[in-house]
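S.K.: Below, each chain spelled out in residue letters.
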Amino acid sequence: MAMDEMPDVPDVTKKFLYVNRKAPYGTIYALESLEVVLIGAAFEQDVSLAFLDDGVYQLVDGQDTTGIGMKNFSPTYRALGDYEVTKLYVEKESLEERGLTPDDLMQITYEDEDDDWAEKPSIRIVSRAEMIDIMADQDVILSF
Amino acid sequence: MAMDEMPDVPDVTKKFLYVNRKAPYGTIYALESLEVVLIGAAFEQDVSLAFLDDGVYQLVDGQDTTGIGMKNFSPTYRALGDYEVTKLYVEKESLEERGLTPDDLMQITYEDEDDDWAEKPSIRIVSRAEMIDIMADQDVILSF
Amino acid sequence: MKFGIVVDEGPYTHQASDTAYQFTKAALEKGHEIFRVFFYHDGVNNGTRLTVPPQDERNIQERWTKLAEEHKLDLVVCIAAAQRRGILDENEAKRQGKDANNIAPGFRISGLGQLIEAGIVADRLVVFGD
Amino acid sequence: MKFGIVVDEGPYTHQASDTAYQFTKAALEKGHEIFRVFFYHDGVNNGTRLTVPPQDERNIQERWTKLAEEHKLDLVVCIAAAQRRGILDENEAKRQGKDANNIAPGFRISGLGQLIEAGIVADRLVVFGD
Amino acid sequence: MSTLHTVNKSPFERSSFISCLNHVKAGDAVLMIEDAVVAARKGSAFAEIVEKAAKDCTLYVLGPDLAARGMGEDDLIAGIKLVDYGGFVDLAAEHDRTNAWL
Amino acid sequence: MSTLHTVNKSPFERSSFISCLNHVKAGDAVLMIEDAVVAARKGSAFAEIVEKAAKDCTLYVLGPDLAARGMGEDDLIAGIKLVDYGGFVDLAAEHDRTNAWL
Numbered sequence: 001m002a003m004d005e006m007p008d009v010p011d012v013t014k015k016f017l018y019v020n021r022k023a024p025y026g027t028i029y030a031l032e033s034l035e036v037v038l039i040g041a042a043f044e045q046d047v048s049l050a051f052l053d054d055g056v057y058q059l060v061d062g063q064d065t066t067g068i069g070m071k072n073f074s075p076t077y078r079a080l081g082d083y084e085v086t087k088l089y090v091e092k093e094s095l096e097e098r099g100l101t102p103d104d105l106m107q108i109t110y111e112d113e114d115d116d117w118a119e120k121p122s123i124r125i126v127s128r129a130e131m132i133d134i135m136a137d138q139d140v141i142l143s144f
Numbered sequence: 001m002a003m004d005e006m007p008d009v010p011d012v013t014k015k016f017l018y019v020n021r022k023a024p025y026g027t028i029y030a031l032e033s034l035e036v037v038l039i040g041a042a043f044e045q046d047v048s049l050a051f052l053d054d055g056v057y058q059l060v061d062g063q064d065t066t067g068i069g070m071k072n073f074s075p076t077y078r079a080l081g082d083y084e085v086t087k088l089y090v091e092k093e094s095l096e097e098r099g100l101t102p103d104d105l106m107q108i109t110y111e112d113e114d115d116d117w118a119e120k121p122s123i124r125i126v127s128r129a130e131m132i133d134i135m136a137d138q139d140v141i142l143s144f
Numbered sequence: 001m002k003f004g005i006v007v008d009e010g011p012y013t014h015q016a017s018d019t020a021y022q023f024t025k026a027a028l029e030k031g032h033e034i035f036r037v038f039f040y041h042d043g044v045n046n047g048t049r050l051t052v053p054p055q056d057e058r059n060i061q062e063r064w065t066k067l068a069e070e071h072k073l074d075l076v077v078c079i080a081a082a083q084r085r086g087i088l089d090e091n092e093a094k095r096q097g098k099d100a101n102n103i104a105p106g107f108r109i110s111g112l113g114q115l116i117e118a119g120i121v122a123d124r125l126v127v128f129g130d
Numbered sequence: 001m002k003f004g005i006v007v008d009e010g011p012y013t014h015q016a017s018d019t020a021y022q023f024t025k026a027a028l029e030k031g032h033e034i035f036r037v038f039f040y041h042d043g044v045n046n047g048t049r050l051t052v053p054p055q056d057e058r059n060i061q062e063r064w065t066k067l068a069e070e071h072k073l074d075l076v077v078c079i080a081a082a083q084r085r086g087i088l089d090e091n092e093a094k095r096q097g098k099d100a101n102n103i104a105p106g107f108r109i110s111g112l113g114q115l116i117e118a119g120i121v122a123d124r125l126v127v128f129g130d
Numbered sequence: 001m002s003t004l005h006t007v008n009k010s011p012f013e014r015s016s017f018i019s020c021l022n023h024v025k026a027g028d029a030v031l032m033i034e035d036a037v038v039a040a041r042k043g044s045a046f047a048e049i050v051e052k053a054a055k056d057c058t059l060y061v062l063g064p065d066l067a068a069r070g071m072g073e074d075d076l077i078a079g080i081k082l083v084d085y086g087g088f089v090d091l092a093a094e095h096d097r098t099n100a101w102l
Numbered sequence: 001m002s003t004l005h006t007v008n009k010s011p012f013e014r015s016s017f018i019s020c021l022n023h024v025k026a027g028d029a030v031l032m033i034e035d036a037v038v039a040a041r042k043g044s045a046f047a048e049i050v051e052k053a054a055k056d057c058t059l060y061v062l063g064p065d066l067a068a069r070g071m072g073e074d075d076l077i078a079g080i081k082l083v084d085y086g087g088f089v090d091l092a093a094e095h096d097r098t099n100a101w102l
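Chains as they are written, first to last, in the numbering used here: chain A, 1 to 144; chain B, 1 to 144; chain C, 1 to 130; chain D, 1 to 130; chain E, 1 to 102; chain F, 1 to 102.
These are computed hints drawn from the structure, not numbers from a lab. We treat Cβ as the ideally placed atom computed from N, Cα and C, and that holds for glycine. Heads up, some of the hints might be wrong.
As the list claims (entries may be wrong) - One side only, chain C facing chain A, incomplete, derived with CB under 10 Å:
hint, residue
1, Met1
2, Leu28
3, Gly31
4, His41
5, Asp42
6, Cys78
7, Ile120
8, Arg124
If we strip away everything but chain A, and leave its shape as in the complex, we get (with noise of 0.2 Å):
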């Protein structure tokens, strides 16, 4: 899409929400849900992803879709860091009952510019009580 389509918009700071609840591939909800963060990034909102349930299977390191004929669009999620889309917010329940760890999970990463540019981990598993305090938080929450 380009730039110049873009609406627009009421100077306002809102905090976004994406919530990722199901896994890549077999749906296209995960990666037009990562569409949107893209997208969404120009407009310097307060975003943050959320992922729990079958949504953690996004993340999972190592995916490989030559069999399948799909394209492999995990590492987008590396680039986030790029588009300052840097709290990735994994919900620790959600792994565990899957037999996941965070080792699982691809490494992504961000520059602080606030420190100096240090390479920080984007990635931040929480607990199920986090993860409900961080939606109770939100502005908008938008799921697909």
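Please arrange chains B, C, D, E and F on chain A, whose structure you already have, making use of the hints.
M.R.: Same frame as chain A, but now just chains B, C, D, E and F:
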């Protein structure tokens, strides 16, 4: 669909089972499955319908779709006898889990031509074990 | 109050578009403003004028078109999602070298920025999907 | 062996059409016959020629069209499901008073009887859906 | 500051209903629409979970969807409130945000 | 006379996987495809149920779908067999019917 569009098919009789596992109205699968059953009836195959999991809601009596602005297609199940579709197997365990009893279902009957056109119930409540055997006894299983 | 509406599924297959329509109508009747209805994912399929539903069924596309006319609703179909699924307006068809278009009256094709804008401008964003 | 294939979901949104395609291709490579691929429910949306997927993505419609050409596959789109969802060929468009059609090459529109026939004629019917 | 959660799938078919209940905050509202209305029926395998949830948050069910599935007020678990589309709009307006459990 | 059951959804998201396992006959085969491949992972909350099912029927998982979700043979519950699309075709041919748990 016009009857003259019906293809010429080999003169064999197969056992067809239509599996209904989804509630009506939330998705179109129940309605479009019923459309297949009606067209399929013209082919003189040995047809059975299975209702299990949320599919049992398709047969619940008293559906009133006025408020949602959609067509109530449940009366069509009552007409299935006229199409010689007379075997509607409903899984007992699925009813029980949902707090439903056979009394909550529509009365669906057919006239048995082999028994002096006696009116008989089309709905047959079966156990999960019986449902397994019914499924294992088919040539073609169509689920949507 | 200003509402933004998101419709994520196509017509007939899922109830999402029906519920979104009933919600939108009820909000208008209560005097609320609908800032925009944004169609994403398979939701873009609500915007084709080529549907021919059975005569005893609701016509989902015409219902949206009529509501948009009556209340000057902004019905936006996401361009990226629409391209994947074959929903085109005249301009897009020309640009993509396609020999036909199928967008319905009252719908317009635009970018995902319109969804973000709806999130920013509307007091409440309500999402309908599968 | 003779296979019948049923595709119940549209392109891109669900993997059903992808898996059905890979299955069909593998069956042909093994020397099996594909009696018919029947597109039902949202599956009819596989048969529009108006999709413009991103250049780095697979083109699902073209892939089916090409496979059909190479192996003389019978790709049938259910007429009733297609009408609800806006998939029309030239004849149907004329009959319904629509000013455009969108059916892709290699697909034909026909009745549900074609699905039943596939069930009767094929040795195995394999269903792909949501 | 509270949230209106919407759920549209049967708890017998999908996990979204339970996941929603696991993520509500005290004072939130949960509205069952479309196929989710079956969760509101008394005597079902989910009734106990729903009754427990009703202590922390307010549960609503969309009447038109309930009627379409052959149910009425008498079938509801005690405490679940019936709303129509207008009531759905009011709930969305009264709460600070909506969270759709799709 | 046996059946090839196919399941394509995660057991964490939908009940179709469990419903399928509840309806297999001894000697049947169950093939996990698409999002259902996550059910084949060892150490998950469903692993015990899957291990139990493996005693009654043969469990398969579609390799290309497994790889797409970042998993490989090492992640599988013992006894689950890996097939590719050709293997899927063979399974459909070898069994008397297929039953898709959609």
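S.K.: Against chain A, with CB atoms and a cut of 10 Å, does the hint on C/Ile120 hold up?
M.R.: Holds - the Cβ of C/Ile120 comes within 10 Å of chain A, reaching about 5 Å at its closest.
S.K.: Holds or violated: C/Cys78 as interface residue toward chain A, Cβ cutoff 10 Å?
M.R.: holds, 9 Å
S.K.: Does C/Arg124 meet its interface restraint, that is, does its C-beta lie within less than 10 Å of any C-beta in chain A?
M.R.: holds, 9 Å
S.K.: Per the CB criterion, is C/His41 less than 10 Å away from chain A?
M.R.: Interface hint status for C/His41: holds (6 Å vs cutoff 10 Å).
S.K.: Using 10 Å as the Cβ threshold, decide whether C/Met1 counts as touching chain A.
M.R.: The hint is violated - C/Met1 has no Cβ within 10 Å of chain A, the shortest such distance being about 14 Å.
S.K.: Under 10 Å, Cβ to Cβ, is where C/Leu28 needs to be relative to chain A, so tell me if that hint holds or is violated.
M.R.: Violated - the Cβ of C/Leu28 stays beyond 10 Å from chain A, reaching only about 21 Å at its closest.
S.K.: Per the CB criterion, is C/Asp42 less than 10 Å away from chain A?
M.R.: holds, 9 Å
S.K.: Does the interface hint hold: is C/Gly31 within less than 10 Å of chain A, judged Cβ to Cβ?
M.R.: violated, 22 Å
Checked against the numbered hints above, the structure violates hints 1, 2, 3; every other hint is satisfied.
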